[in-house]
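Given next are the chains, with one letter for each unit.
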Amino acid sequence: MKTIQLYDEGHQWFAFARDPEKPEKIIDTNQYMVIHGKRVLLMDPGGIEIFAPMLGSILHHTKIENITDLFASHQDPDIISSLGLWDQTLPKARLHSPWLWEGFIRHFGMDNIEYVSIPDEGNSLDLDGVELQFIPAHYLHSSGNFHVYDPKSKIMMCGDVGAALESPEADMYVEDFDEHIPKMKLFHQRWMPSNRAKNDWIARVRKMDIEMLCPQHGRIFKGENITKFLDWFEQLEVGLGVPK
Amino acid sequence: MSQTTRGQNNTVIGVATIAADLHKVMYIAWSVSIAAKNAMIISAQAGEQARSFQPLTRFIDEIAHTTIKSTEKVEHESISLTRLSANYLRTRDAYTRFHQVDRIGKDARYRHTFDQTIDKCLLQLQEQTQRLHQQLFRLNDFMQDLDMDMRAALAVASVCRIEASRAGEYRNSLSVVADDLERAAREIQNTVKEGMDRIHQLTIQDTEFETER
Chain A
2 MKTIQLYDEG HQWFAFARDP EKPEKIIDTN QYMVIHGKRV LLMDPGGIEI
52 FAPMLGSILH HTKIENITDL FASHQDPDII SSLGLWDQTL PKARLHSPWL
102 WEGFIRHFGM DNIEYVSIPD EGNSLDLDGV ELQFIPAHYL HSSGNFHVYD
152 PKSKIMMCGD VGAALESPEA DMYVEDFDEH IPKMKLFHQR WMPSNRAKND
202 WIARVRKMDI EMLCPQHGRI FKGENITKFL DWFEQLEVGL GVPK
Chain B
26 MSQTTRGQNN TVIGVATIAA DLHKVMYIAW SVSIAAKNAM IISAQAGEQA
76 RSFQPLTRFI DEIAHTTIKS TEKVEHESIS LTRLSANYLR TRDAYTRFHQ
126 VDRIGKDARY RHTFDQTIDK CLLQLQEQTQ RLHQQLFRLN DFMQDLDMDM
176 RAALAVASVC RIEASRAGEY RNSLSVVADD LERAAREIQN TVKEGMDRIH
226 QLTIQDTEFE TER
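So the sequence lines, in the order shown, correspond to chains A and B. Under my numbering, read the first sequence as residues 2 to 245, first letter to last. Under my numbering, read the second sequence as residues 26 to 238, first letter to last.
Honestly, I wouldn't trust all of these hints.
Derived pair list, reagent style DSS-like, types lysine-lysine, alpha-carbon separation capped at 30 Å [what the hints assert, rightly or not]:
(1) B:K131 / A:K93
(2) A:K155 / A:K93
(3) B:K94 / A:K64
Source of the hints: derived by calculation from the structure; they are not laboratory data. Keep in mind the model is a prediction, meaning the values are calculated, not measured.
Let's have the full structure, built from the sequences with the hints guiding it.
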């Protein structure tokens, strides 16, 4: 699995993606990790099939006992179906996830990890002095959904927003935005159900100071590509699964 | 699907199949109980002609009730075994994936911090394997008891047939009771035998899952 360090000033951000041993028919996913001293947060740690490459990669950067917190943006299997394995690996960890999904996520197997419900309006996690904010992103695409924003590094982990369907060999960063559009269009039109939710999210995100927008599939947006993405997303009609 | 995975799935499927088959046994036993009650009515109508048959009807009814109770116990045991084998399957899967972590992260700086997790999982797997075997043996014992009950039922069916032959005009009606009892006992015996064969296969498969660390 490819590891990319996104930030290293006091605390560190990593992305894990493009696993070459991934079974062919499962969607490629990006997992993220923040390390600050002896505290580690894993964000959308992924499905059961990528648990081994994911943990194998993490152990290059931190001790197992330092992984104190997990975050699941929503309930999908590619986000958190590995929970049963993390539960045996990190019995004292906490899982931060939408209150809405607790009863559902527990079906993945959770006997030891503590479920910390995130209220609809969001809240934040103090990772030994590094504040990580859980930003509401309901209906993007899940009805209970959050993103993670780090005001210090100005990185935002934006779940399925900005996701693209492409090959496992693809680069990690968006270079040419226009070329990237075809890889994102159907995903957003079909997976995102609500124009109202989309516009509400865009309005809030435009006010935030973001240098990196990190989706759970596809490539990371940096610099002016963030504004280009927000503009493109704003004019896109979503929820096209039901014919007019 | 790997041989190991197939074996693990077979454990769960095998035990779940035994539970489902035993549920069928209960219905058969209920039908025997109803047949016994019919026989009581017929032998009461027959009066003196079926005098020696009457105590047998109570005996048939007792066999039916004992079978129902034993089957409930065995069924309960096999459902608990299904749950245990599903947990075993999960632990086995976790253990396999933990080994993948070990392989993939062999050069990782902090790989050693994962050792405790693997060791704990191995211990859990060994405990579950032991419990699985113990419960399989217990289920086998229950099944053997049920088989013995059915042997007794077959003997009663033979006696019933002899007594029915002395019941004059009620001979045919009472012979039907003896036939029903024999058919039910043989059907239950077959189901029990299949269940015991399955348990034997599961036991053999499980011994193949020796822990490799």
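Evaluation of the provided hints:
no., hint, verdict
1, B:K131 / A:K93, "holds (24 Å)"
2, A:K155 / A:K93, "holds (29 Å)"
3, B:K94 / A:K64, "violated (55 Å)"
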